[in-house]
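Listed in order, the protein sequences are those of chains A and B. According to my numbering, the first sequence is numbered sequentially starting from 1. According to my numbering, the second sequence is numbered sequentially starting from 1.
Copies of the same chain look alike in the list, so a pair counts if it fits in one copy or across any two.
Cross-link-like lysine-lysine pairs, in silico, BS3-like; alpha carbons within 30 angstroms at most:
#: 1; residue 1: 206; residue 2: 240
#: 2; residue 1: 7; residue 2: 417
#: 3; residue 1: 226; residue 2: 7
#: 4; residue 1: 206; residue 2: 91
#: 5; residue 1: 154; residue 2: 181
#: 6; residue 1: 226; residue 2: 91
#: 7; residue 1: 181; residue 2: 226
#: 8; residue 1: 7; residue 2: 354
#: 9; residue 1: 7; residue 2: 223
#: 10; residue 1: 205; residue 2: 159
#: 11; residue 1: 223; residue 2: 206
#: 12; residue 1: 260; residue 2: 358
#: 13; residue 1: 7; residue 2: 205
#: 14; residue 1: 154; residue 2: 205
#: 15; residue 1: 355; residue 2: 417
#: 16; residue 1: 117; residue 2: 240
#: 17; residue 1: 7; residue 2: 355
#: 18; residue 1: 415; residue 2: 7
#: 19; residue 1: 255; residue 2: 415
#: 20; residue 1: 206; residue 2: 181
#: 21; residue 1: 417; residue 2: 260
#: 22; residue 1: 417; residue 2: 255
Keep in mind that the hints were calculated from the coordinates and are not lab data. On a predicted model such as this, the values are computed, not experimentally measured, just so you know.
Protein chains: 2
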Amino acid sequence: MQFELTKEFINNLISALESEDNGYIVEAINPLHPADIAEILEIVDLPQAQYLYQLLDEELASEVLVEIEEDTREQFLESFSAEEIAESIEKMDADDATDVIQDLPEDVQEEVLEALKDEEHSSDISMLMNYDEDSAGGIMDVDFVSADWNWTVKIALQKLREQVENVDQVYTIYVVDSFNKFKGILSLKRFLYTSDETLIKDIYKKDSISVLANEDSESVALKMEKYDLVVVPVVDENNKLLGRITIDDALDVIKEEAEKDYQMASGISEKVESSDSLFVISRARLPWLLIGLIGGILGAYVIGFFEYQLKENAVMATFIPLILAMGGNVGVQSSAIIVQSLANNTLNYESIFKKLFKELLVALFNGFICASIALIFCWITRSDFYLALTIGVSLVAVFTYAGLFGTFVPLILNKYKIDPALATGPFITTTNDIIGLLIYFLIGMALYF
Amino acid sequence: MQFELTKEFINNLISALESEDNGYIVEAINPLHPADIAEILEIVDLPQAQYLYQLLDEELASEVLVEIEEDTREQFLESFSAEEIAESIEKMDADDATDVIQDLPEDVQEEVLEALKDEEHSSDISMLMNYDEDSAGGIMDVDFVSADWNWTVKIALQKLREQVENVDQVYTIYVVDSFNKFKGILSLKRFLYTSDETLIKDIYKKDSISVLANEDSESVALKMEKYDLVVVPVVDENNKLLGRITIDDALDVIKEEAEKDYQMASGISEKVESSDSLFVISRARLPWLLIGLIGGILGAYVIGFFEYQLKENAVMATFIPLILAMGGNVGVQSSAIIVQSLANNTLNYESIFKKLFKELLVALFNGFICASIALIFCWITRSDFYLALTIGVSLVAVFTYAGLFGTFVPLILNKYKIDPALATGPFITTTNDIIGLLIYFLIGMALYF
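Isolated chain A, as found in the complex (with noise of 0.2 angstroms):
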């Protein structure tokens, strides 16, 4: 099946919305994945998406329901009551049910829990609820196949044939011990080549990589990268086993990450977009667009200082805009490079000094290049020497502030727990111009003014 959404299919599928033609949507929407039906929802209108999810049947309604996108999940819901939206979630994997329970308001949340008929289903999620949202219990799933080491290879054929029931796709056997506690993995090839009377204990393969509940989610998914794992178990602290994480949970988290670490650096708040609302879209920008404000008018003070000599030397406003654009420059650069490699746990075995040496020379030598050209073009169109000195000065001072601060604010962030992407973008610009244009003043007044 390869559907490609096309616009035609949309325009289509909106005229028949419009007109309720039943027939026509059940018909072009029911053959479809439900990420694509996820997907349309979220192009036509609200009431349109919402009368829509109304003409699916039960089951593929819960599968779409799972795929929305989080930010236009909780608006989606709003017209549907508990009981339906309680109907949706009795179907779907607890993991994804929990999911979108939280998206829910707290009082909603409630209603729906109790409206859930399935008992067993329902304190999955409510023990699932528990996990923070980024933690390895927060993104796991409780449906597993799992095996007793004092088992048969018969006796666990038989057993597994009653759990598979409830797994959407087996990947690999998790051994426990009597007491739940996770012993090891036994892939299916073995398994399915083994005799009947072999004991699991004696096939399993013992060291397997498994993670903690509690766990953060974003470390998880790193390692599952790292060792090309499809699924991992989830176990707690006395190692007794609770789920499992498969690798397209791990991708979410790892793409989401990237994607917040690239909007932080570029100055948005929230992943917004898909919303029409101009206000929402604003208040996504607009924090960012004040820290620039403020800065820039610390900067008019820091100039302000310097009028009198301005005027005398308006020349040195020329240069305004070059010591500020590379200060930015090297700033952004260094915070990315440490941003990135935080991100990808490269950072582990160099000390923040060498580091911060290393950033040191490469500053440096750029600083060193760049100055050069800006100096010599600034003497021989000026043809003023002092001018030309302090420019070619300045940028060799700036690139070094600039490049040290970029690597040392992530750095420090990051030690102290707080997300290192924070000092990238907007912020680490703003900091770079007012510190930029005081070393540019004040070399000015030593060399020039």
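Position chain B against the provided structure of chain A, taking the given hints into account.
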């Protein structure tokens, strides 16, 4: 197994490497996961890494080689002969082998291919090398399990036992017709619980998702993410089954693309920071700094035109940083939004004009808020209404320009198949600096000077 790479472990290992204490080294390294060994090789110095690598047994050495980061692998392999490299490659999956060979200099590539003893392996690799590295064919694996749809379950079981030997992990069975054309998939679960005489034809799942070998690997990865696929079959234009892509490869693609966008936005052109060479690190950053330098010099020209007016009204110079900061931030925000929407494929159904109009409204709204604050501040502190008006009007104009330009440029680049991320970071801020200064001083001429 929960191995944590500690500083202590590394230090002990480095001492052992220095004293060539092979016994200690082998004992410390052998129990580790290949990915951990690869990480260690990247931490220690190159000659030590090469020494350590030669102590590994063949099987482990080949697994480690796959895990070493691409950037360091070429350098790492320099000291090995084509025969030694071929020995490691002999044991790899064809797709991994292809990755390793493609990182080698071209003359070495041929030598290694000739040195391979297993001819089928060598021809698989040559076939894979024909595909673009960024295509589905370039990341696919040629080992998979397939069944003819005319087979019974019993026959299939026999045949699959033979195939399964070569396949690391079986996720699903691919069903083909007698011409090896892809027909659909058959889940292991279904296969194992169906009676022996049933025809594969009667139990497989039609309409399964497959991808074309020449499809862009990023688009494949996004598909796998969207449809939560752990593995996807790859076919040629005639629907002949060629291979499969597993989600760990898709994850690598998604991560690399996100990192590339982040680096572009931050003004770093390559991922070279694991390198210790000052020159290599500087080279990755210098091009973007030179863009900033040229921008700064052009900015100096622009302000130079107004030098005479600045002498009279030096206060105009004090607000240069404010104008530049705001133009830069707005431009980066707008372009980042577009780049991210394009990366996530969420822009297909909105026309360029609708998008530009939305950005225009956001720019005007945020611009009006920031301009009002700046105007009031300036009026109060400088008691100069015309100056305040100049700042306010300039800010609204700069917001509008920067928002539209930041939206427009990546959209245009994307239309002409150029990576839209090029338009972010230093490029957009530099352009906005120059235009922003022009806008500011021209409005200054009209309202103030």
